[in-house]
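Asker: Line order of the protein sequences matches chains A and B. Position one of the first sequence corresponds to residue 1 (my numbering), numbered consecutively onward. Position one of the second sequence corresponds to residue 1001 (my numbering), numbered consecutively onward.
These are computed hints drawn from the structure, not numbers from a lab. Even glycine gets a Cβ: it sits at the ideal position worked out from N, Cα and C. Careful: at least some of the hints might be erroneous.
[Stated by the list, open to error] Derived Cβ-Cβ restraints for the label pairs, each shown as a range:
hint, chain 1, residue 1, chain 2, residue 2, range
1, A, R57, B, P1280, 45 to 55 Å
2, A, L107, B, P1280, 49 to 59 Å
3, A, E65, B, P1053, 53 to 63 Å
4, B, T1094, A, E65, 55 to 65 Å
5, A, L94, B, P1053, 26 to 36 Å
6, B, S1404, A, A37, 26 to 36 Å
7, A, T118, B, E1468, 14 to 24 Å
8, A, P183, B, Q1152, 28 to 38 Å
9, B, Q1152, A, D150, 30 to 40 Å
10, B, A1199, A, D78, 11 to 21 Å
11, B, M1174, A, E146, 33 to 43 Å
12, B, S1149, A, D166, 45 to 55 Å
13, B, A1256, A, D179, 52 to 62 Å
14, B, T1183, A, E65, 18 to 28 Å
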Amino acid sequence: MTNRTIHAWLGLSLLSCLGLPGCRDDQPEPEPAALAASTRNHLVWKRYHAFAQDLSRALELPTEELCTELGEFDCINDVHLAGLGGHEPLHQGLLEPLAEPLATTPLVTERVVLSACTARVERDRTDPVVFTALELDQPAPAEDSEAFTDTVQDLYRRLLGRDPIDAEYTLLGQLLVDDEGEPVTFGEFAQLACFSIATTTEFSFI
Amino acid sequence: MLGFTALLGVGGLASEAEAKPTGPMRFCEAYPESPDCSGRLTTCETCHTSTDPAQWNAYGGALLGALGGRDFDEGIASAMLELEDLDADGDGETNLDEILVGTNPGNAESIWQPVPEVEGANPFYDLGTYDPRVALQRVMVLYCGHSASYEQRQDFAALPAEDQRDALHETLSMCLDGEYWRTLALRELADVRITPSYAVGADSDVNLSLGDGAYQQRLVLADYDWDYRLWRYIMTDDRDIRQLLTAKYHVVDDGAGGLMPVEGILDSPYETVAGGQPLPPEHRAGMITTQWFLMVNTMFSALPRTTAAQAYRSYLGMNISASEGILPVAGEPLDIDAKGVAAPACASCHSTLDPLAYAFSYYNGIGNETNLTGDYDPMRPVTAMPAWEAEQPTSMILGQPIDSVAAWGRVASESLYFRQAMGRMFFEHALGGPAGPAELDDLAQVVETIPADGHSANRIIHRIIDTEAFGAP
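Model the full assembly from the supplied sequences, consistent with the hints where possible.
Answerer: Given below as structure tokens:
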């Protein structure tokens, strides 16, 4: 992952912490700093099952194809189950899920999301379902293009169930070029945009 | 200053004083209105940083000093009264205020201030008040197993405000009737109560070699799927959850994706050591007398203390190994099986635990012969414990004498402890963790309405999603 990607992801996480559902065209859009923040320290962890279901539904991939280790072992239901908030009593003797995310939870969340987003992009090369605005090996679209706006809006609706706000379009626009400022392909942009949105706090907590 | 003085006192007395398992009971007698006595559970942490060896926090130390050597059970109430207006942990809140709000009077880091008012505006969420849009997303994830779609959220947001609550409850009803909740989610809530193990369950691939290897038999000591089916059946369709401790029936798949109850003794469908339900209905008490429950907890014990403790922990929410739910019975423990539990260090907990366990002594754990596992044997206590006949121990639960596990289940299922345990289980599942001070009133309200709602799990959850704790961002 490039530094630019990490920065964009952190920015998106911050925005989603503030909880900013909105619409680019038809809703008033206050400055993030002016928004009142919740005074309750209370988010509920979206654990493994809903996490997998949401990724599967958003990216239209079977859950068993979201992520496997060594091409064989299910990342979510097997290898990283505990880190994603699940438990397994029969073989592992883990009778209850962990109360809070582990130190490894962000890592395995990113592992699964990156795998799922990559899988979706690869499938879309031959049978476009999610990333349909352009051919995936073409250059990524311009930030003010309809293809960019449609792709970002569609990803937000699929993954977060809402429309993006202007600040989020701007942040994702940073993914259209690499660290040297050179344009990336639409496929690379699609993968990173998908990853960035699906690793936000807003996607992982309710 | 008090904290320092108390610590000095603790240091001087620690070598000759012990933790008192009756402390939580005395605490709730003095402060029944405390959240720890109405929704949550009073624990040793109110006074202790450790119970073995006994070490006290600032409040516990202050109490120890205020007791001044008096008998604990006789003097503790007045000692607590003496300290009410003081601030043992120096966090700025009096002991009484902390007790009434549900924070720990002996831990300066346990403090609660009212949730601050929201400053400024947020056009997207109704911060600080119940927001049905937040509740919808939580309902969908927790009870349907996935998030609300974009279209679903749009449709919901477009409803008039007065219709959104009804729509929310309709969505919840749909989820509670769906496959995710009725199978996977409910099953996961039961795991810690059933404690399944693949190696000796119905799917076991471990083989016993019999007759010098001439005959192989799978090592199925019992089948936990009976337990899961019973749990899921009782927890759905507005059934009475007291049946968790009173049901005389078992539950099988109905062949059409549903569950249905069956009566009587059920033979094992497997050519294995065990796996059916051998217990006559008159000796049944729901989840705590299935073959699996008795096998995995009693095993070869003469006095099934583990079985009673697991039932107490699972369905009344009190973990005796953590000194929770200690309600000593006078004259106990008898040490009926000569295990040395009458020693002072053991007696304080076993004076509650052993009377809880006597009734389970008539049930086999792992049987010595095929199909005896989990069966009822009126001679088992006498056979297994030579002192039984002379002592004639009386089983007790929650201060009431009982003559059977069926009665154990009846008394337990009618108790406030049972309602608290079940309400707390669903509340914590919904909130993702224990209720905090700001949420304790909501929890207490949920527990209080369980009888009026017919002891229905579904109704408990409908109550929970209406609370501010659930729906206020």
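Asker: Now, for every hint given, state plainly whether the structure supports it.
Answerer: Hint-by-hint comparison with the structure:
no. : hint                           : verdict
1   : R57/A <-> P1280/B: 45 to 55 Å  : holds, 49 Å
2   : L107/A <-> P1280/B: 49 to 59 Å : holds, 54 Å
3   : E65/A <-> P1053/B: 53 to 63 Å  : holds, 54 Å
4   : T1094/B <-> E65/A: 55 to 65 Å  : holds, 59 Å
5   : L94/A <-> P1053/B: 26 to 36 Å  : holds, 30 Å
6   : S1404/B <-> A37/A: 26 to 36 Å  : violated, 57 Å
7   : T118/A <-> E1468/B: 14 to 24 Å : violated, 41 Å
8   : P183/A <-> Q1152/B: 28 to 38 Å : holds, 37 Å
9   : Q1152/B <-> D150/A: 30 to 40 Å : violated, 21 Å
10  : A1199/B <-> D78/A: 11 to 21 Å  : holds, 19 Å
11  : M1174/B <-> E146/A: 33 to 43 Å : holds, 37 Å
12  : S1149/B <-> D166/A: 45 to 55 Å : violated, 24 Å
13  : A1256/B <-> D179/A: 52 to 62 Å : holds, 59 Å
14  : T1183/B <-> E65/A: 18 to 28 Å  : holds, 22 Å
Hints 6, 7, 9, 12 from the list above are not met by this structure, while the remaining hints are.
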